[in-house]
Amino acid sequence: MSDIFTLEPRDPEQYRQETRKSNLILMATFAVLAMSLATASVRIFGSPDGGNFIWNLAGVVAGVIATTAVFRLYYWHQPWMDSARYGWQLKRSLMSVTNILHAVKDGVEQDNPTALKVMRFYHLGLEQMYRLENNQSELSDLQQESRVHLDRLLAQGMDPEQTSLNPSWIEQLKPKKKSKR
1 MSDIFTLEPR
11 DPEQYRQETR
21 KSNLILMATF
31 AVLAMSLATA
41 SVRIFGSPDG
51 GNFIWNLAGV
61 VAGVIATTAV
71 FRLYYWHQPW
81 MDSARYGWQL
91 KRSLMSVTNI
101 LHAVKDGVEQ
111 DNPTALKVMR
121 FYHLGLEQMY
131 RLENNQSELS
141 DLQQESRVHL
151 DRLLAQGMDP
161 EQTSLNPSWI
171 EQLKPKKKSK
181 R
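Here the sequence shown is numbered in the UniProt record's numbering, starting from 1 and rising by one per residue.
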């Protein structure tokens, strides 16, 4: 993660509609490519007596590879992928915090300003993800912890609107590796 990620206001219903559309396009692309390549490989390399499982499988594998290439080289940059791209970046940012969550929590307990900001971003990001994905159960579970942290942030006089995650904060909070002697 090399760039600062900033939470954007998103309408959950529109987000879900747009991500469903992009998923359907991707699945349809895979189905067409895999079936076409499987059929082509059987026709070119297969035997008329049957036993063409390996050629069908090779076509499907080629379909996966071709779909991945189309996705990365073309689809990823299309406007209709915006919501899916945003969701992926949101989850990636949250995962970068999750990977060091124990260090973030330790920093929060020590009133480390960077840890306090990262934890607030984490709560705001999780809340948004749960709303976008309509996960009301997890959202309600998170809200108490988020309120407690917000109160702590306000008591420190810090800005509660931590809607951006700077990758340098993650680096600052990562546990230092112990050298072997």
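Hints are computed from structural coordinates only; laboratory data are not their basis.
One or more of the hints may lead you astray.
Unchecked claim - Below, in silico cross-link-like pairs of lysine-lysine (PhoX-like), each with a Cα-Cα straight-line distance of 20 Å or less: (1) 174 to 91; (2) 174 to 105; (3) 177 to 105.
Here the structure is a predicted model, which is why all the values come from computation and not from measurement.
Cross-check of the supplied hints:
1. Of the supplied pair hints, the one linking residue 174 and residue 91 holds, its CA atoms being roughly 19 Å apart against a limit of 20 Å.
2. Between residue 174 and residue 105 the alpha-carbon distance is near 12 Å, which keeps this suggested pair within the 20 Å criterion.
3. Among the hinted pairs, residue 177 with residue 105 is consistent with the structure: their alpha-carbon atoms are about 18 Å apart, no more than 20 Å.
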